[in-house]
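**Student:** Whole structure, please, built from the sequences with the hints as guidance.
Residue numbers (my numbering), protein chains in the order written: chain P, 1 to 773; chain B, 774 to 1009.
Selected chain B positions facing chain P (Cβ under 10 Å, derived; list incomplete): (1) 793; (2) 912; (3) 914.
In silico SDA-like cross-links for lysine to any residue, where the CA-CA straight-line distance does not exceed 20 Å: (4) 462/P to 803/B; (5) 273/P to 804/B; (6) 761/P to 879/B; (7) 349/P to 838/B; (8) 273/P to 350/P; (9) 462/P to 984/B; (10) 577/P to 985/B; (11) 462/P to 985/B; (12) 349/P to 837/B; (13) 910/B to 437/P; (14) 462/P to 982/B; (15) 349/P to 840/B; (16) 577/P to 984/B; (17) 910/B to 436/P; (18) 349/P to 804/B; (19) 349/P to 813/B.
Hints in this document: simulated from the structure, not taken from any laboratory.
Where a beta carbon is used, it is the ideal one built from N, C-alpha and C, also for glycine.
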Amino acid sequence: MPETEIRVTREIAAEHGLSADEYSRVLEILGREPSITELGIFSVMWSEHCSYKSSKVHLKRLPTRGPRVLQGPGENAGVVDIGDGLCAVFKIESHNHPSFVEPFQGAATGVGGILRDIFTMGAFPIAVLDSLRFGPIINDTSNSAAGGVEEVARNRRLVDGVIRGIGFYGNCFGVPTVGGEVQFEPCYSNNPLVNALALGIAKKENLFFARAQGPGNPVIYVGAKTGRDGIHGASLLASAEFSEESQQKRPNVQVGDPFMEKLLLEACLEAMKTGTVVAIQDMGAAGLTSSSSEMASRGGLGIEIELSRVPQRETRMTPYEIMLSESQERMLIVAERGREDEIFRVFEKWGLDAVEIGRVTDDGRLRILERGNIAAEIPAHAIAEEGPVYKRPIAPPAHPAGGANLIDFAPAGTDLSENFRRLIASPAIASKQWIIGQYDHMVRTNTRIVPGAGDAAVLRLKDSRRALALSTDGNGRWCWLNPKVGAMHAVAEAARNVACSGARPVAATNCLNFGNPEKPEAMWQFSEAIDGIAEACDALEVPITGGNVSFYNETLGKAIYPTPVIGVLGILEDSSKALGLAFRNEGDVIILLNGAAAAEKPIENLRREFSSSEYAKAIHGIVAGEPPAIDLAAEKRLQDCLVALATDGAIESAHDVSDGGLTVALAESCFASDGLAARVALDGTEPDESALFGERGARAVVSVRTDSLARVAEVAAKYIVSAQSIGKALRGGFRIEYRGALCVRGTVQSLHDSWSSALEKALRYGATSNYGQ
Amino acid sequence: MKFGVVVFPGSNCDHDAFCAIGGVLGRPVEYLWHRSENLAGCDAIILPGGFAFGDYLRTGAIARFSPVMKSVAKFARSSGLVLGICNGFQILCEAGLLPGAMTRNRGLRFLCQQVHIRVESTDTPFTSAAQRGQILKIPIAHMDGNYFCDGATLDELERENRVIFRYTTPDGRNDDDGNPNGSLANIAGICNRERNVLGLMPHPERAVEAPLGSADGLVILRSMVDSFVRRIAIPA
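**Tutor:** Here is the structure:
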């Protein structure tokens, strides 16, 4: 039956994911029954993924303005003024469900999609970071929560596929993958997270926006041909929970072609230089539908498209399929009438299709023609902006998250060396070099601090003295235990990492990965997390410039940890001042900076906080309690102090205290060095494990030449940050004393071996853990 | 002396080579589009790294048919300096300007890391400013860098002293520990019989500034300039 003859019913609408109310609203807008093509258009544009219908009311609470913000949420990416007439264009986006269904292509197209969001604004992409979450990759017979052998094997395949996919796309495209993070928790086994952040640079006056102008102007389709891949990717994959049949959604996953994207990048930027591009938007989620309706809507105009002119790589595609295809590497351009040829010539040079498929109109309607016959006609504003908005029910969980048992601290003076060795070999803390080495992280020769060498990636700007720093962070476990505090920590850590590189944090982007918004508990987690992000971004002066919400991260009714991932961008005034985390000189003094005033905490509080730590999880299998209390003013003082110290050239290295606590931070500064070892003596009142492995924020380890000690003390005092000399970087053994007892010791070489080989052993050779044996 | 950097669709280290020469070395340089046979009077040609034509078929297999390669071959025959880096090396092999071929890395994974290579011969215009046995720290970034050729070709390369760079450990041992990708005889770079065409997998253009990790690659670019100046000064 030809599709024009399909009569749309409420049942068909429901199959498209439209609720009864939503369908009634469609009838109201059109004043008639929709055609099947129109129904498809509404269903993708009003999907959770495209319309933000459940999150909109909450997202309004995020701070989005700042002196440097040129473009906040609502465009393809956020834009920040970085001086010298340049601006940074950046955004993070999720590609979770596609990556579970088909890890290689899912992750690859995730990278491709975010890159297009950057260069569609006229910016040249200079970096990608990936924030990844997977289920356990080590068989742990002592811990049933770690998953069975099959589950672990599948997780390894997912990790492998995702890493290969990211590398495949970024390496070929020619953008360095410079950072990110990867964590492993059982809750991600059936729902891994793949969040990709891209950063680009543009001259301020050369920015492009997705706002159609000038009725009569031609609408030009450029790039790859349209196929049947990815139809309903946004609505069916990204906006629904997963079931056991989800693997059958493989045809909904798009297929990436990084070579095509590279050509598209070069051609688009060259076309922009002709001065004939009026507006441009990539065809990402919801493809031709979203790009045409959003450009029309933003410009307050209409667009008319003739589908028979759309380049197609398959025969007999229906209007429904063409409008909903999510084929990759395509863009839609509104050009200046009369100068189309200049654009056609550029795309001809790069061997790409560029076809006039329609025109801008002044009637505010998205009109889709197929050989002159109307296949769809809808007010553009109604589809792009008038989607449903829900204030969904919110309810805190009946029982607090986390296990019932809190950790019992080891007696004072216990030798914790073996626990430490296990901790640094746990996948969360172990070296990520095996992954990093599969990504080209140097192409375009701007990577000043390579992944693993510093807390943030640092990219110098060839046309400026300045450099940009970027870090992504997010601790799902903490957000599960307390979504608000956990989200605040995510912002604080990302900003702290940027400050440790010497850069001043200036703006943020967020990727909010949550469960089913129709469940009040998931919505409560979301709302709490938004409050936490808003408060932390305000306090640390990093407005949110964009991002993405990913709901329905549930499989078989089981949700992931609520996982907001925050990317923070910083500016380093002088790229030569960029700091790494490695100790640099033998004899340098190790100083612990702490933005918070020392306060004695009741032992019960310490137990609660420590039970949420990486150590509690890795060593005792405990996930309970609360994330450490957060003091945003202390965070701000510490970060300002770090930036001042770096600007001054007073410190040799900086590394924040986070996963695994102080001892792990010290060890990592040793591992990155040329064989230096920390010899440290600590004092305090808290239990040994809490002092050595506790993860309270607002702290950083810096190393200082003896002749700069006075200067460091002076600067720290100015920012009301305590600067405590705790030891030295020396040759010889790694030794941490606490209250006079030697608690952790080992040779740097053997510790380094445990730390550096763990991930490769697990992923490449399928090692089994000896935990608890 | 003017350098030309060839741009194939999918080249992505063209810009890095351009900046290394124009910015760091301070020499004239221009891009050469692959569809043109005009080498614009350049005195040395660089085939840059990247994924020419996506490398979907076999690395370099399509790029060798680009019109510019006809001119590059002619230029090479008339003693012009041609440097192929990474994908450029692969293209030179496909074009028959250098012997052998690159297969997938041992381990079947993309590798991006700093490696050490030893200068095996200074008797080329690309290494004349280096010391024999000098160890250079230069990064690699490739999926297919596992050099292979038949026994007779390897004998010939060794006999004619045409293995110019070999992968080694940081302290200069060219054993298996120093071999990142499984290349035959730890070969990282070779030249043609006339010694004016060099291909290497490591990226010297990424190693021209110490703050970015290493400046060891400069010696290769400087050698090219020195050799060219010498050749002009003393006409053959």
